[in-house]
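4 protein chains.
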Amino acid sequence: MRAAFMTGQDQVEVRQATEPALEEAGAVLRVEACGICGTDARTFFNGDPRAPAPWVLGHEPVGVLERVGPEAVLPPGVEAGGRVFLGSILTCGQCLPCVDGHQNLCEHHLLYGYDPFPGAYAEWAAVPPIAVKNLIPLPPDLPSELATVVDPFACALNGIEVLDVGLGDTVLILGAGPIGCWQAVMARDRGAGRVLLCDVNRQRLDLACQAVGGFVDDAWTAGDDNGLAGLLERTGGKGAERISVAAPAKQAQQAALEMAAKRARIVYFAGLPKHDPVSPLDMNQLHYKELAILGAYGATHRQYRITMGYLDRRRDELAPVVTHRFPLDRIDEAFETIRAGTGLKTVVVP
Amino acid sequence: MRAAFMTGQDQVEVRQATEPALEEAGAVLRVEACGICGTDARTFFNGDPRAPAPWVLGHEPVGVLERVGPEAVLPPGVEAGGRVFLGSILTCGQCLPCVDGHQNLCEHHLLYGYDPFPGAYAEWAAVPPIAVKNLIPLPPDLPSELATVVDPFACALNGIEVLDVGLGDTVLILGAGPIGCWQAVMARDRGAGRVLLCDVNRQRLDLACQAVGGFVDDAWTAGDDNGLAGLLERTGGKGAERISVAAPAKQAQQAALEMAAKRARIVYFAGLPKHDPVSPLDMNQLHYKELAILGAYGATHRQYRITMGYLDRRRDELAPVVTHRFPLDRIDEAFETIRAGTGLKTVVVP
Amino acid sequence: MRAAFMTGQDQVEVRQATEPALEEAGAVLRVEACGICGTDARTFFNGDPRAPAPWVLGHEPVGVLERVGPEAVLPPGVEAGGRVFLGSILTCGQCLPCVDGHQNLCEHHLLYGYDPFPGAYAEWAAVPPIAVKNLIPLPPDLPSELATVVDPFACALNGIEVLDVGLGDTVLILGAGPIGCWQAVMARDRGAGRVLLCDVNRQRLDLACQAVGGFVDDAWTAGDDNGLAGLLERTGGKGAERISVAAPAKQAQQAALEMAAKRARIVYFAGLPKHDPVSPLDMNQLHYKELAILGAYGATHRQYRITMGYLDRRRDELAPVVTHRFPLDRIDEAFETIRAGTGLKTVVVP
Amino acid sequence: MRAAFMTGQDQVEVRQATEPALEEAGAVLRVEACGICGTDARTFFNGDPRAPAPWVLGHEPVGVLERVGPEAVLPPGVEAGGRVFLGSILTCGQCLPCVDGHQNLCEHHLLYGYDPFPGAYAEWAAVPPIAVKNLIPLPPDLPSELATVVDPFACALNGIEVLDVGLGDTVLILGAGPIGCWQAVMARDRGAGRVLLCDVNRQRLDLACQAVGGFVDDAWTAGDDNGLAGLLERTGGKGAERISVAAPAKQAQQAALEMAAKRARIVYFAGLPKHDPVSPLDMNQLHYKELAILGAYGATHRQYRITMGYLDRRRDELAPVVTHRFPLDRIDEAFETIRAGTGLKTVVVP
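Protein chains in written order, with our numbering: chain A, 2 to 351; chain B, 2 to 351; chain C, 2 to 351; chain D, 2 to 351.
With the rest of the complex left out, here is chain A (with noise of 0.2 Å):
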């Protein structure tokens, strides 16, 4: 079969490789699409230990299950021949957080597609026995193409479920990318008064508008004051219900501090760089309006499932998010597509 092998920082090469291996409690994919995440293209620009050259990466497959070990326990609905998206964060099962639903704070994941897992930038790739449980089956009418996002837009619904949005919030999204676009779908489909979209980047938001604009209320470009006056403007000074800073930005976490209507909840979505965490944040408006301030990681099982049948629904409108798909041979180009910043969500297809 064909792989794209990451060869080194920034090289990568499409070359003949042998076909994986079928554990007995194991299964293989033929793969039809995968996405490449920020982690993905921050691993090939950069390096990482975990990617040892020369290394598969891809962790947002979706392919065609050919081949099922015999001792393989297939999820609810899963069966040979069928197809089927891979969850790539592999679970115990068996600590206290993934027995008690709480996949994403399992207290020993590891990560599909990077040491001793190799990913799925490739023809076929292997479902090792940790990731049988992961398989999700896709609806029929699903393109391939759109359930590669399941992943990150899974996280992007936890999100929104720790928000809570009520029937006729004022809901607003700081930050543009792929994750705030799809909270502002989400936040519209759980009956928000009003969906309000706000980023620094000027292009980035005519961008998310092009894809989803559709779904949102009003939108505009941050300033110095990270849009603070603009949300006030268009709240009569009450500020919003809810909001996600979707976006590792230290200036919007405390700008939707100021941003909160009274009771508010607010969602930190994104983490900040490890060697930079510390956000000055004015407690005082935290206090004094009884805000709540909410993390969200990753996405439970339960999640992943609602976020399948989510995509489905959605497809027509969410299609567009899809911006850019690449045929492996030419993965090099799907990554500069990433550094330029021009789209959305970039697939590769074998």
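Treat the hints with care, as some may be off.
Identical chains blur together in the list; that is why a pair holds if it fits in one copy or across any two.
Distance condition first, Cα-Cα at most 20 Å in a straight line; then the derived DMTMM-like pairs of lysine to aspartate or glutamate [as the list claims (entries may be wrong)]:
| no. | residue 1 | residue 2 |
| --- | --- | --- |
| 1 | Lys290 | Asp101 |
| 2 | Lys263 | Glu234 |
| 3 | Lys263 | Asp283 |
| 4 | Lys275 | Asp11 |
It should be emphasised that the hints constitute simulated quantities derived from the structure, not laboratory data. Since this is a predicted model, take the numbers as computed values, not measurements.
Please build the complex by placing chains B, C and D on the supplied structure of chain A, with the hints as guidance.
For chains B, C and D alone, coordinates are given in the frame of chain A:
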């Protein structure tokens, strides 16, 4: 009647005054006890434009409802001649938070005991019309002295409700002042698996343990690490599921994030000084552990009612919280006691 | 002015009357539209001691606030000269449920349009002092006719809030009258994965599908099994996660238990006839599937406000719900339309 | 080893048997105590096809984990040689409820102590592979006898969690058997304002009050009105905010609706007999008071863990709940004690 007039910064004089007039829709209390809270003390020590000298302070009064105006609408259960507590937050009753039952966030709230409403360090005190709805009947067996704490206790209870303690949770209280003490008691009464108490001040912690030690499983003095090592050791590195930061300290706010177990809820109960409200907080703790940081401010009418019943049920165990009582004529000593920081709650008994 | 007097059972006469007087703390509306609800119709057909002939009914009025008494305290956003809706449940504002924001459960509530408060099937209508706090401003683009449904729609919304629809849930609505239609729309707007509608009456179901079919995934007529087989077939035997019984039918209440998925929430929205309120229900369905059976009654002030915004946002899609409108002079035809059961919502337009 | 064989209906014989074999992924317990629950008694008195004679019953075992198979994956905190409790509901771990942490609703659950898994009225008991994940470590100071109640206590705790007791609530428990007793204790430990206990059987109520009376504010024997008058009198006609019907009685289920305060939550804890599960219930009580009727079934892994800690913390107060203990050789007397109904919890101690 006799009343204590603040005649200047740090100056008080008990003198004869005319009894308060009865308003058509108001009432008049014969004061039995009136607590001194931190705000009273700060006003006395530093002055406050809302307390123009000579001024009668006192906003935690308990007394007998001796006179009731003909147009006063008494709340359910309140009767002329009965003992009552007067909640000090005077709310409009018509703004949206009030209508929705969130009186603590009233858009137009005023404070009893401050201009234009004289307070209750006196033998008699007026209940202005706006305050009538704040009257709460006392249970027969609840001492008036202990009932003066309804106001701050209701706020502490709001914090506990926001904290949402579950059966079996490990609850950590950072700060061993009156609020911390009461929250420790309430955490136990919500079924906490363990109640832990920590303070930077050994003397305060000792005092707290004398008062409410029977409700606390373990307590220790925080050092330079704000108590972090002590907490991790006591939880096998897992952290606490619920944390109340009952101290206006940034270091405690940050430490709480590191002390938190996965999916923990943290209430920042106390506000920070108005001129210095920005707290540097590690937001990756929030993100990767999916924490919730929650504000709690004041208390609702519902919470005032619950507090009265709670104090009554725990009246024996909570009695030690009132460590000092002074007759009106010695109110200056009462303020000195607070300045010295040697007590928990100080009450004036006309 | 002209007004419609119910002069006896099933008899109405439009005649000249004196305009309502302005009370000091009240107001007067120039009526633009007033809905007819089931209660009005039953009163008209059968009589009611609270509507002593000759009596002017009408408790879903929308109009212009032409006159405002000097002591009237208008709610936030309401102004003299503006268009408003008047919520018909007149609450005391002082009992514990009212103070806590649960006005729907007011201990002393009265009903506008019934003795001693004449209704609004007239050119002008009084707003008595107790009703002033029930005024809600209309958004500029919301037609007065559609706004007359705020009252029952807010109740439907209460049911939806109690139902607590989650993203991706399968929601089943039993009963395709106006309430069922609106709840179907709102279930979709809460992110239901599928919205299913079922009624025993094919004609009513067809009418519903014409009005709100765009929000419904599937609908069917219930037979002797009250729709059970149809639901199980459509969910692969799993049942629905959320069910609203929007019909006053015991059979539907019992069937809902069998239609419920594990951990399902079921709202019994409609009350049963007062003389026959006992429903035989299989409690082992409740037990072994851990179901929740939930009551929903009336609506709170908060829910009225949310409803107004919701109607405005969905005004185009919901317009077909008002199937009939009649001038005041033909109000007898309006009642006949309701008797015939051929429409959804009928409105009188003075 | 010695084991108690049920050799026919109402017949038991303690005889020599071979020790259980160790499975690769299983373990073997040296039994220290094993409770008798109502299900065991009914099986013994009436027979059950899942317990083909001669059969060893017993599904509430506590013991020492003497032997552990080489492929057994012990849960966190469990070690060979340690004391453990074995939860009897054997869950698949792979169906959707299991994956989501709702093991009590497992699609494929089996029961330890029934075919094909012999029970623990014996000196040694097998832990089959499917049961290994159900092992819970005992705290050092918790007596093995008391720990046998983990199973039913965890179910009682599930009911209390579903009940969602708030600080200050009046909680009524209908039914004074072991479950009712434990729920009374837990309701107090959730901060109930008042805990009320009621039963139709005076003897059972007296026994309950001896065991847990210190946690109960008031108790009375129900007459023909199922306790209604007594409750209304004790609450000034207001009713109880939280009610657990801890008895399999239709009359109590219906009475609970009349005993409920507005917005009350009611848990129907006990299932009804399978041949007669239909309860006639006044649904207008549900509607006009906006009640919630809630099912509770079994317990989750999380709840088992919490229960163990809870029993340990309350071990002194809960010790009286175990009223009878018998050596294995006198197990026939243990069953007689249950038939006589004179005790709360009976335990077999090999």
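Tested hints:
Taking the shortest alpha-carbon separations for Lys290 and Asp101, only the inter-copy value of 15 Å comes in at or below 20 Å, while the best intra-copy value is 33 Å. In this assembly of identical chains, Lys263 and Glu234 lie within 20 Å of each other by CA distance solely inside one copy; the values are 16 Å within and 38 Å between copies. Proximity of Lys263 to Asp283 under the C-alpha cut-off of 20 Å is restricted to the intra-copy arrangement: shortest distance 15 Å within a copy versus 24 Å between copies. Neither within a single protomer nor between protomers do Lys275 and Asp11 lie at most 20 Å apart by alpha-carbon distance, with minima of 22 Å and 50 Å respectively.
Figure legend: structure checked against the earlier numbered hints; the only hint not met is number 4.
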